[in-house]
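This is what each chain is made of:
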Amino acid sequence: MMAARPDVAALRDFGNRRESMTRWRFDWSTREKLVPFCFLAPSFAALAVVSLYPMAHALFISFHADGVGSVGRFVGLEQYERVLSSDYFPRVMRISVLWTVGNVMFVLAAGLATALMLDRNFPGRALARAMFILPWAMPYVAAGLIWGWMFDYEFGVLNYVIRSAGLGESKVGFLLACPDALISLTSVSVWKLFPLGTVMFLAGLQTIPSDHYEAARVDGAGPVLCLWYITLPGLRNVTIMLTLLITIWTFGRAFTIIFLLTEGGPAGCTETIVIRSYLEAFKFFHLGAASAIGVIVLLISLAFSIAYLAYAYRREVSGG
Amino acid sequence: MRTVKRLTWEALFYAALLLLLASVVFPFFWMVKTSIETGHTLFSYPPHLLPATASMEGYRTVLEQTPVGLWLWNSFIVASVSTLLALIAGVSGAYGLSRFRYRGKRTLALVILTTQMMPPLVLIIPIYTIFIQLGLTDSLFGLILGNFAFSLPVVIWMMKSVFDSIPFEIEEAARIDGASWLCVLTRVTVPIALTGLIATGIFTFLAGWDEFMLARTIVTSTSKWVGTVGLASFIGAYVTPWDQILAAATIFTLPPVLLFLAVQKYFIAGLGAGGVKG
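Residue numbers (the numbering used here), protein chains in the order written: chain S, 899 to 1218; chain U, 945 to 1222.
So that you can see chain U by itself, here it is in the shape it has in the complex (with noise of 0.2 angstroms):
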């Protein structure tokens, strides 16, 4: 009897496991599947839940009728510039918050907290009265600027608590020894915190590469849109190849995708420690 009970409950547990499994990787799979497709299975309906028939059309018509690559490309340029310009003034804020005792030390950091809960809306609408008199809209720099804006926050925030969990006294042997502080951050400290580190950068490197509201708003010539902006241009066409479509966004999905994979652990260390500490 007890054996039977068991069973069923481990039947049960399965059976619901599988189900939430399949009904979250179902868009993924969607997505892929329809961008294998070619025109004639794709609006038939009933739908095949597997691909009818598989091929590359879709994503060859893309990439050669429209300049998604150029798009990529764009997002790259003004995901990673602008992640790097964050790390590198975030990195030494952060040390600052996390390292010294001064007064003013908490209001100092709940104004970086503060900027980070800001809305993006409450940014995007000044930043693009200032950009026009400023001549910024419609370029790279514009928007490299802006996601820098948004990540900076984030970057101060991550990397203090990286280097909070990393203990002072090795720093402070190599103070003693000589060293100037900045020698100290450079040679001592972010090698220790690489790891954290480069985890941060993923993380806000996706932030830009995600980054729609301001890139839609700002930038308007073809040429200078961005992933995001791009793949949004396809939604309300005359007629909506959904292959193409659906390929290029397959191509969009990807790198975050693999470096998400890659950096999990990080993610998940991170985020549960800032849940559970705070």
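Excised from the complex, chain S in its bound form (with noise of 0.2 angstroms):
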């Protein structure tokens, strides 16, 4: 009967001993504290890796001569200096800036007109939809050769539609002749992206109330005054998240489409930065020119990012 008293000191002097035998010798909040670091750890030592390494590495490289087999002597920013003053530079800048604005400009238009054609009920409404989005999931690679193949200045086929529609009698060298064939590389590039802004201005579309329009009706206001008052200024926010979205993607991102139609010619006047800065490290060789364009093309692309973040932590804020 005595025997059922807990020891009270052995307990305790056992409680110690397994506490003292955990491998981690920390109390349990400080445990609780190191928790959310254990599950950070595996992604950012591996991003430390391979993603902020290199681009520390990059940074490097654009600082030194090119050498051979490795880096040569340090050089500060002449790299840089050589880059800006060089005679292509404006050039490229032009022809980037020309591709990123007419990217945005008519994936805005072609997705907000498709997502307004979606929006409303049909039979098939849900085929058309997918259809719509289906270029989004072919790859570039795959867009590049129909697209070449259809652009194909002998026996391509928009060569002849063009003819018999109509709307011209000589033929046209898309890919060929100088603005051309950035207009033909816009609209392929377009026809990949629109479906991420018809997808996009859905989603927007669905936030505007309904009875907002339905006050208007009763005003007295049509369908386009309806789309100027409501739906537009409904679709603001959608629209400035997308022009940034697609400003990054195509100023810095945009290399396939290019370099597999055109590899920046004719003459030229397809050569966005990016594709310079490839040709010059993997064409010519220059790894501390190409590392500079780089750097230069990824401080230009951080200025938007951070312009995207602050508008959406503003509305996350404001919650609107």
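Calculated from the structure, these hints are not laboratory results. Heads up, none of these hints are tricks.
Using C-beta positions, here's what the derived DEER-type ranges look like:
{"no.": "1", "chain 1": "S", "residue 1": "K1069", "chain 2": "U", "residue 2": "D1108", "range": "53 to 59 angstroms"}
{"no.": "2", "chain 1": "S", "residue 1": "V995", "chain 2": "U", "residue 2": "I1110", "range": "40 to 46 angstroms"}
{"no.": "3", "chain 1": "U", "residue 1": "T982", "chain 2": "S", "residue 2": "Q1104", "range": "46 to 52 angstroms"}
{"no.": "4", "chain 1": "S", "residue 1": "V995", "chain 2": "U", "residue 2": "T1164", "range": "31 to 37 angstroms"}
{"no.": "5", "chain 1": "U", "residue 1": "L962", "chain 2": "S", "residue 2": "Y1209", "range": "34 to 40 angstroms"}
{"no.": "6", "chain 1": "S", "residue 1": "A1007", "chain 2": "U", "residue 2": "G1013", "range": "38 to 44 angstroms"}
{"no.": "7", "chain 1": "S", "residue 1": "T1105", "chain 2": "U", "residue 2": "L1198", "range": "33 to 39 angstroms"}
{"no.": "8", "chain 1": "U", "residue 1": "P1111", "chain 2": "S", "residue 2": "V995", "range": "41 to 47 angstroms"}
{"no.": "9", "chain 1": "U", "residue 1": "T982", "chain 2": "S", "residue 2": "R1115", "range": "53 to 59 angstroms"}
{"no.": "10", "chain 1": "S", "residue 1": "Q1104", "chain 2": "U", "residue 2": "T947", "range": "25 to 31 angstroms"}
{"no.": "11", "chain 1": "U", "residue 1": "G1079", "chain 2": "S", "residue 2": "A954", "range": "20 to 26 angstroms"}
{"no.": "12", "chain 1": "S", "residue 1": "C1124", "chain 2": "U", "residue 2": "T1164", "range": "54 to 60 angstroms"}
{"no.": "13", "chain 1": "S", "residue 1": "A1007", "chain 2": "U", "residue 2": "R1045", "range": "40 to 46 angstroms"}
Where is the CB? At the ideal position from N, CA and C, for every residue including glycine.
Could you use the hints to bring the two separately framed chains together as a complex?
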């Protein structure tokens, strides 16, 4: 009977021993505070190795002369000076800006038009939506191949369509002449990207309360007035986000389509800053200059990313 | 008068819709149509809008005479292994960013978002020089590593928004019942977030399947080419056998299109939410 009484001292001793046997010599609350960092550790270790370190290395390369095998001597900002004062830099910047603005404008227009169509009810709407979003799923290389074939000067179907629709008599050299090539490439890029606009505008349209439209209709407003005074203001936020996203995307990332179809030609008139950097690195082997251009692209992209984040954050805080 | 106006409006709507749909889908149609035609009708001008001949000759030739099958297999390996690695590292990171309260959380989130927005070009030049030093060029392992670098921030960011939408109470209950945090994540949270996880995995897989710039830069021997590099190599060949090229392109396009149609709903929901909520 006496044995039923717990030996408090022995138990406490046992507990202490267990505590000292655990691997972590921290108390419970410290351990709980460390938990999130344990979850974050693999991601950040991986990012540091595969992303942040290469980025630092790009900076390192851009501050050095080109060497054989590895980088040459330290030259400070000389590579940047050379790039910025080169005769190609203003040209590739101008082409990049034209390319980006063209993409943004037409993705917005096509996205809005398709979203407005899909926003109303009609038979086969789900099918139409899937078809509109399909180009997003085609790999860029496949898109480059099929458009390249359609643009073909001799046998391409587009020349035939233009001719039989009575839009022009002489053949168009879609990728062979100078403003034409940039326009052709922009249309391929817009064809690939506009589904993003469709999807985002469609989501934006659903946030506009339907009683706004009803009130306007009661007041006698037609569809055009409704579009101008209710729909477009309601899509303001989506439009700003989409503009920034497409800008980041097309300015700093677009590569495959241009590289495959024209490689910056003819006569350099589709050579964006990204293509130029790639060619500097892997065609002329000027790694220093290529990295300097890369860092410039990064800084410009970063400016737009910060604008995007600031805008998204402000909306999250204001709850809009 | 009213009905006439209404009918005209409807007719205009359907006409515009069909015209837009036709121009959006036409490249797909033209790709398949060209791929099943044979030599002599292929290069006829004016072109036949419907296939004049139909055969699988282009498919057979391209599969027999070029290693397209191998390239697709390489693409599959690179895209799926890099996706798997990114999911393993990224899910835990996303959980750490979504769930706990600690100082510096916003800064960490910003670091991730910055790496996500970074143009791949800025990574490819240093990756190329680092890989040369490590002897990782011309290997699928190097490609897997590179694609992992590209998709990890995307996974973290997408999964964070998935976790953010799941209420914390269930996990708290499991935690109080004595499950460790790791156990909570693997046994409670991930099963709830499974659809979001699958959608995220499919998007990173598609990105890896579509990746061209890095693959073209670091892999040289044809036996290690991936689909994108193999397809691109057809351009500028001495003669251009368009039926074979587009047969290969069709095969290459099929998996992403099917996967995409399967997860379309999540794509729309996810992107839409991202666009509206930021």
